[in-house]
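*Asks:* These are the residues of each chain, in order.
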Amino acid sequence: MKRRIAALLALTVLDSSACRPELEDDYWLVNAPRVLAVKSEPAEARPGARVTFTALLSMPETSNEVPTWNFCTAPKPLTENNAVSAACLGKAALLSVGRGSSVEAVLPATGCTLFGPNGAPGGYRPRDPDITGGYYQPLRVDVAGSEPAFHLQRISCDLADASTDTATQFGLSYVANRNPQLEPIRASVDGEELGLDAIPPGARVELSVSWAASDSERYTYFDRTRNVLTERREAMRVSWYTNGGRLETESSGRSEDDPELNAQNHWTAPESGGSFALWVILRDSRGGGDFAAAQLRVQP
Amino acid sequence: MTRARHASRVLDIGLGLSSCLLAMPASAEPNADVAQPMAEVAIVGVRPRRDATELKLTAEQARGETGTHDDPAKVIENLPGVGRAAFGSGQLLLWGADPQDSRVYVDGVEIPRLYHGSGIRSTVNGNLLQSVTLTPGAYGADYGRAIGGMVRLETRELSDDYHASVELSVLDASVFTSAQLSSRVRLGLGGRYGLLDRSLRLVNAPDIAEFFAVPRYHDYQAKMQVALRERESLDVVLLGSGDESERIVSNSDPARVRRASDSQGFERLYLRYRRTLSDGSNVQVVPWIGRDTSRSDLSFGANPALLEQRALRFGLRAEHRSRLASNLILSLGTDVAGSRADLDRRGSLTIPAREGDLAVFGQPPGDDSNVDTWQTMLLDLAPYATLDWDLGPLTVTPGLRIDGYLLETSRNTPKVGQTPSIGQSSLRAALEPRVGIRWRVSSRVSLLAAAGVYSQPPAAQDLSAVFGTPTLGPETALHASIGESVELARRLSLSVTGFYRALTDLAVRDPSPTPRLAGALLDTGTGRSYGVQLLLQQRLWRGFSGSLAYTLSRSERRDTPNADTRLFDGDQSHVLVVQGSQSLAEWTLGARVRYTTGIPKTPIVGAFFDEKRDSHQPIFGALNSQRLPSFWQLDLRVDRRFQVSQAAVLLAYLELLNATNHANAEEYVYSQDYARRGTVTGMPFVAVFGVRLEL
Numbered sequence: 027m028k029r030r031i032a033a034l035l036a037l038t039v040l041d042s043s044a045c046r047p048e049l050e051d052d053y054w055l056v057n058a059p060r061v062l063a064v065k066s067e068p069a070e071a072r073p074g075a076r077v078t079f080t081a082l083l084s085m086p087e088t089s090n091e092v093p094t095w096n097f098c099t100a101p102k103p104l105t106e107n108n109a110v111s112a113a114c115l116g117k118a119a120l121l122s123v124g125r126g127s128s129v130e131a132v133l134p135a136t137g138c139t140l141f142g143p144n145g146a147p148g149g150y151r152p153r154d155p156d157i158t159g160g161y162y163q164p165l166r167v168d169v170a171g172s173e174p175a176f177h178l179q180r181i182s183c184d185l186a187d188a189s190t191d192t193a194t195q196f197g198l199s200y201v202a203n204r205n206p207q208l209e210p211i212r213a214s215v216d217g218e219e220l221g222l223d224a225i226p227p228g229a230r231v232e233l234s235v236s237w238a239a240s241d242s243e244r245y246t247y248f249d250r251t252r253n254v255l256t257e258r259r260e261a262m263r264v265s266w267y268t269n270g271g272r273l274e275t276e277s278s279g280r281s282e283d284d285p286e287l288n289a290q291n292h293w294t295a296p297e298s299g300g301s302f303a304l305w306v307i308l309r310d311s312r313g314g315g316d317f318a319a320a321q322l323r324v325q326p
Numbered sequence: 041m042t043r044a045r046h047a048s049r050v051l052d053i054g055l056g057l058s059s060c061l062l063a064m065p066a067s068a069e070p071n072a073d074v075a076q077p078m079a080e081v082a083i084v085g086v087r088p089r090r091d092a093t094e095l096k097l098t099a100e101q102a103r104g105e106t107g108t109h110d111d112p113a114k115v116i117e118n119l120p121g122v123g124r125a126a127f128g129s130g131q132l133l134l135w136g137a138d139p140q141d142s143r144v145y146v147d148g149v150e151i152p153r154l155y156h157g158s159g160i161r162s163t164v165n166g167n168l169l170q171s172v173t174l175t176p177g178a179y180g181a182d183y184g185r186a187i188g189g190m191v192r193l194e195t196r197e198l199s200d201d202y203h204a205s206v207e208l209s210v211l212d213a214s215v216f217t218s219a220q221l222s223s224r225v226r227l228g229l230g231g232r233y234g235l236l237d238r239s240l241r242l243v244n245a246p247d248i249a250e251f252f253a254v255p256r257y258h259d260y261q262a263k264m265q266v267a268l269r270e271r272e273s274l275d276v277v278l279l280g281s282g283d284e285s286e287r288i289v290s291n292s293d294p295a296r297v298r299r300a301s302d303s304q305g306f307e308r309l310y311l312r313y314r315r316t317l318s319d320g321s322n323v324q325v326v327p328w329i330g331r332d333t334s335r336s337d338l339s340f341g342a343n344p345a346l347l348e349q350r351a352l353r354f355g356l357r358a359e360h361r362s363r364l365a366s367n368l369i370l371s372l373g374t375d376v377a378g379s380r381a382d383l384d385r386r387g388s389l390t391i392p393a394r395e396g397d398l399a400v401f402g403q404p405p406g407d408d409s410n411v412d413t414w415q416t417m418l419l420d421l422a423p424y425a426t427l428d429w430d431l432g433p434l435t436v437t438p439g440l441r442i443d444g445y446l447l448e449t450s451r452n453t454p455k456v457g458q459t460p461s462i463g464q465s466s467l468r469a470a471l472e473p474r475v476g477i478r479w480r481v482s483s484r485v486s487l488l489a490a491a492g493v494y495s496q497p498p499a500a501q502d503l504s505a506v507f508g509t510p511t512l513g514p515e516t517a518l519h520a521s522i523g524e525s526v527e528l529a530r531r532l533s534l535s536v537t538g539f540y541r542a543l544t545d546l547a548v549r550d551p552s553p554t555p556r557l558a559g560a561l562l563d564t565g566t567g568r569s570y571g572v573q574l575l576l577q578q579r580l581w582r583g584f585s586g587s588l589a590y591t592l593s594r595s596e597r598r599d600t601p602n603a604d605t606r607l608f609d610g611d612q613s614h615v616l617v618v619q620g621s622q623s624l625a626e627w628t629l630g631a632r633v634r635y636t637t638g639i640p641k642t643p644i645v646g647a648f649f650d651e652k653r654d655s656h657q658p659i660f661g662a663l664n665s666q667r668l669p670s671f672w673q674l675d676l677r678v679d680r681r682f683q684v685s686q687a688a689v690l691l692a693y694l695e696l697l698n699a700t701n702h703a704n705a706e707e708y709v710y711s712q713d714y715a716r717r718g719t720v721t722g723m724p725f726v727a728v729f730g731v732r733l734e735l
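Order-wise, the sequence lines are chains A and E.
The opening position of the first sequence corresponds to residue 27 in this note's numbering, with each subsequent residue numbered one higher.
The opening position of the second sequence corresponds to residue 41 in this note's numbering, with each subsequent residue numbered one higher.
To be clear, the hints were calculated from the coordinates, so they are not data collected in a lab.
Please note: incorrect hints may appear among the correct ones.
EDC-like cross-link-like pairs, simulated, lysine to aspartate or glutamate; straight-line CA separation at most 20 Å [as the list claims (entries may be wrong)]:
(1) 117/A <-> 650/E
(2) 455/E <-> 382/E
(3) 455/E <-> 284/A
(4) 455/E <-> 249/A
(5) 455/E <-> 384/E
(6) 455/E <-> 184/A
(7) 641/E <-> 397/E
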């Protein structure tokens with residue numbers, strides 16, 4: 027009887043996977059020049075401060091292409107859901123910074139007005155912070171042959187929508203973000219550690235990275251729901267890219283309440299030998315980051 | 041008890057002056073050679089007013105149509121002027137209006153939604169319904185508070201003998217029973233509980249929840265009908281409905297984990313007092329109270345997106361309808377509705393998306409996040425008057441409605457620290473003249489026209505000082521329609537109606553990069569929709585009944601005076617529904633074919649890399665400048681009646697929805713770098729089997 031019912035109900039959804047979009051998405055696979063990450067030092071600074079930006083590029087070593095850097099000065103309208111305004115894709119709203127894989131620049135002084143809580147004089151709407159309470163100055167990075175990339179530089183602004191006491195307390199207790207530091211990439215097969223330059227063909231390699239406990243920083247956060255200052259801990263994300271083999275996922279990470287200080291991924295080596303690039307980027311939830319590049323050598 | 045044995049599809053398109061509903065008597069066998077006597081429900085007194093554009097079906101006729109799963113209100117999908125709702129949305133798209141701009145009424149009491157969240161079932165048990173009426177626009181002065189159209193459900197008179205109906209299908213189980221408690225009191229009780237989540241679990245479809253929020257729903261109804269004196273009655277009705285759904289997409293990266301849980305519910309308690317006075321005039325008074333709740337809790341990684349609304353709803357509808365002269369009927373009434381809402385919202389301003397937003401399916405909201413908690417009080421007092429003036433073959437129905445809105449919000453600027461809030465209060469009035477004209481050119485041909493001014497108060501969720509604008513006022517519209525109806529043969533009719541709707545003062549997002557404080561929304565939106573609808577209807581003839589409903593329309597919006605005109609998100613140029621059924625003794629076979637133009641979508645012309653989120657973001661082309669592929673679907677139905685005993689009838693039905701398993705695109709979906717595009721397809725082939733036992 028139960029089988030009969032099941033057969034009847036099976037008619038209900040003959041092909042439940044029909045809704046599923048069929049898009050193979052190897053987001054981790056990089057086979058063209060592009061910007062993979064930008065690291066700023068310091069990770070958070072006040073408008074007007076001097077900051078050094080360094081790009082991680084997926085460029086052949088022989089390439090002479092260097093990135094072009096521009097600040098964007100256009101705030102994002104409420105009608106747009108993207109990270110930056112569509113105006114940042116044009117030239118009118120750009121402020122030149124320079125060229126090179128690493129540049130040094132002074133953050134625009136208008137950051138907290140255009141992108142922060144200090145609404146323009148005359149009763150204009152301030153920007154909304156991200157979920158960590160941060161505001162960001164967009165920085166555009168262009169590499170020939172690739173789509174534009176945007177780094178969002180965290181800027182230190184005052185707390186505008188809290189009481190004076192709370193804002194003062196926040197100013198005293200908040201510590202600007204610092205970049206985390208990646209520990210060396212480790213590889214293992216079936217629990218046995220091996221060097222990145224001695225990977226057997228076809229092997230399923232567990233890649234692991236870690237960071238120090240102090241990198242998952244605790245920070246003061248203004249809880250707008252309860253109108254109080256609280257303390258939160260940074261979530262950590264690791265992005266993985268390669269130009270060969272197959273990665274299991276393009277990103278992994280740890281949430282705020284996860285005490286672990288490492289992240290793993292699996293890379294399946296090609297059956298043929300060769301050397302493949304691996305890029306690993308560690309980001310904290312306040313916009314700080316670190317990155318590393320390595321060569322995975324598959325030895326037949 | 042008269043019960044239509046062979047459910048025929050009889051659409052009363054609002055042309056006739058008769059107030060009777062048409063139905064086949066239980067004993068009649070369909071036979072085209074013999075004119076079938078129709079059961080007539082006599083209304084003593086002044087006939088009710090009819091809108092020129094309304095389409096009315098009895099519940100019994102409606103529930104037998106293919107695709108309704110035995111649910112009368114689902115027949116709305118088969119009518120002209122109705123756009124196809126996206127799979128699982130259950131929205132009402134009437135004459136190109138935003139679904140939020142149309143209203144649903146039960147006995148004149150507004151309920152927030154016609155269908156359960158998934159669109160599978162209506163929120164009111166079909167066994168309680170007498171009729172379903174669609175008015176896509178240009179309706180009379182007795183209804184308002186909407187710039188779109190409306191659907192009205194009428195509860196049925198409870199019978200004086202015991203009646204019970206038990207229904208079981210793979211979708212849900214329901215029961216309805218009624219009985220006469222005394223010579224003056226009758227009571228009906230009903231309830232329904234969704235089983236789809238359990239059905240899917242049985243067929244081992246564990247991953248479907250990743251792509252489709254499987255709905256869990258329930259509803260319940262109670263009606264007590266008291267005969268007070270001769271021609272005087274009092275109904276006490278309780279309605280309730282609840283929906284829940286949950287969807288989780290897991291990922292090894294906490295930032296890519298997505299959770300979505302939704303719940304919606306409403307309750308309504310109303311009295312309906314009706315009396316026919318000795319002079320033939322009618323009085324109807326309907327006070328009501330209720331509660332609406334909705335909660336949408338999403339999270340994209342650590343980004344929350346919460347919108348919770350709890351509203352106390354109340355109202356009063358009172359009307360006196362009397363004959364002033366032999367050719368003149370006057371209706372005087374008051375339509376009062378109020379809502380006190382508590383709202384809580386957290387997350388990005390771009391979630392939930394608004395009509396006309398630049399967005400792509402599956403795109404996470406922006407990183408920006410804010411919170412707001414606010415209260416609103418919306419009160420609308422609307423006296424109205426309508427005349428029905430018969431001038432021989434011409435009937436003119438002028439009407440006037442005056443909506444007086446009291447709009448209050450608890451905060452007119454965003455919260456700063458512990459600063460006390462300063463509220464916002466405003467009084468607005470809207471003068472809304474309306475007119476309907478019917479001209480019976482001959483016994484077979486009638487012309488009709490209708491026009492009117494309409495308004496609706498702003499949505500409570502738009503009155504946030506953080507996410508909206510507390511000073512928004514009512515939105516307004518002008519409706520006009522003109523058409524004709526022709527009886528091509530005794531049981532074959534054709535009606536054609538042209539319509540036009542102009543919208544003004546629509547709430548839209550401020551497109552400026554620097555919007556005003558507490559001014560995220562502007563009331564500068566305008567729009568228009570226009571088109572023509574056609575209904576060719578074959579009433580029961582030799583066991584066959586069917587219809588062809590076609591709508592050609594265009595719906596446009598302009599967000600600000602300087603912006604370009606664009607297509608409305610739900611615009612559908614062509615909507616065609618052809619359905620028919622053939623009775624063969626105790627068997628009935630039915631089929632329905634639907635075709636609609638794909639809805640507009642915004643093309644993606646490129647992408648950029650968002651380094652902070654390690655993801656690509658789309659670069660959009662012109663808003664709504666491309667369309668999804670057209671939709672078509674074939675549904676089949678077979679049912680059989682079994683006379684179980686002298687008092688019991690069992691109806692068994694099987695509906696094969698999307699019988700060809702055609703992959704209809706419901707959304708475009710993109711690879712993470714937006715370089716490749718695919719489609720999310722809608723409902724696959726689904727078989728719905730159900731049985732209904734009538735005692």
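*Asks:* Does each hint hold? Answer for all of them.
*Replies:* Here's how the hints hold up against the structure:
no., hint, result
1, 117/A <-> 650/E, "holds (18 Å)"
2, 455/E <-> 382/E, "holds (16 Å)"
3, 455/E <-> 284/A, "violated (32 Å)"
4, 455/E <-> 249/A, "holds (13 Å)"
5, 455/E <-> 384/E, "holds (13 Å)"
6, 455/E <-> 184/A, "holds (16 Å)"
7, 641/E <-> 397/E, "holds (10 Å)"
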